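Single-letter residue listing:
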Amino acid sequence: MKNRLKVLRAERDWSQGDLADRLEVSRQSVNAIETGRYDPSLPLAFKIAELFELSIEQIFTSPSKENDQ
Amino acid sequence: MAKSQAIKRYTSRVIVLSLTYAALLCGAVYLFVHHLLSGPIAYVAAVLPALPIIGIFVAIGRYLVEENDEYLRDQFVRQALIASGFALSIATAWGFLENFDLVPHVYAYYAAILWFAGLGLGACVNKFQAMRGEP
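Chains as they are written, first to last, in our numbering: chain A, 4 to 72; chain B, 2 to 136.
Source of the hints: derived by calculation from the structure; they are not laboratory data.
Quick caveat, the model's predicted, so the values are computed rather than measured.
Every residue, glycine too, gets a C-beta built ideally from N, C-alpha and C.
Don't take each hint at face value.
Here's a subset of chain A near chain B, in silico, CB distances under 10 Å, partners left out [to be verified]: (1) Glu27; (2) Val28; (3) Asn34; (4) Gly39; (5) Arg40; (6) Tyr41; (7) Asp42; (8) Leu47; (9) Ser65; (10) Pro66; (11) Ser67.
Construct all of the structure, not just a fragment, from the sequences and the given hints.
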């Protein structure tokens, strides 16, 4: 699933490890989500959204809308 | 985040169980080589080295329950499924070959050895998929 995680992280000057620590997950998880290799569960997606104070839709692109972009 | 606590616990359990396995196997081999056992106690001694191996399967199950990182859990589940498919496929094929007297008999515990080898194969598949940028 496409997402803006890398951009949001860069805006805050966070490394993948920094974000992983804040989300209490592994750095591999952050990397896999960022590169679209892994779709987070709803609880983790909410956690990410709450961390960046955005809605889930502002971070993740719905798969049904990916072709529109 | 450093190594997950669940992985640390899993690693410690596997180390303890592996050492226990080595000790029990050496003990059982010694007793049988010197013909010190017979009757029901021989069955108990023969099965003792299997217990830590069974314990490793339990440790794997506990790891999957205790791992809070959903991505790592997902990766390990795929690794275990690859291991199961690998071990069961070879064991099934070997069983038929053995049935038709085309290959020698192999002890059933080799299924566990194949499964652990399959875990290694699963780890390679996970790495390869990650390198290709695929789920």
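Violated hints - listed by number, lowest first: 9, 10 and 11
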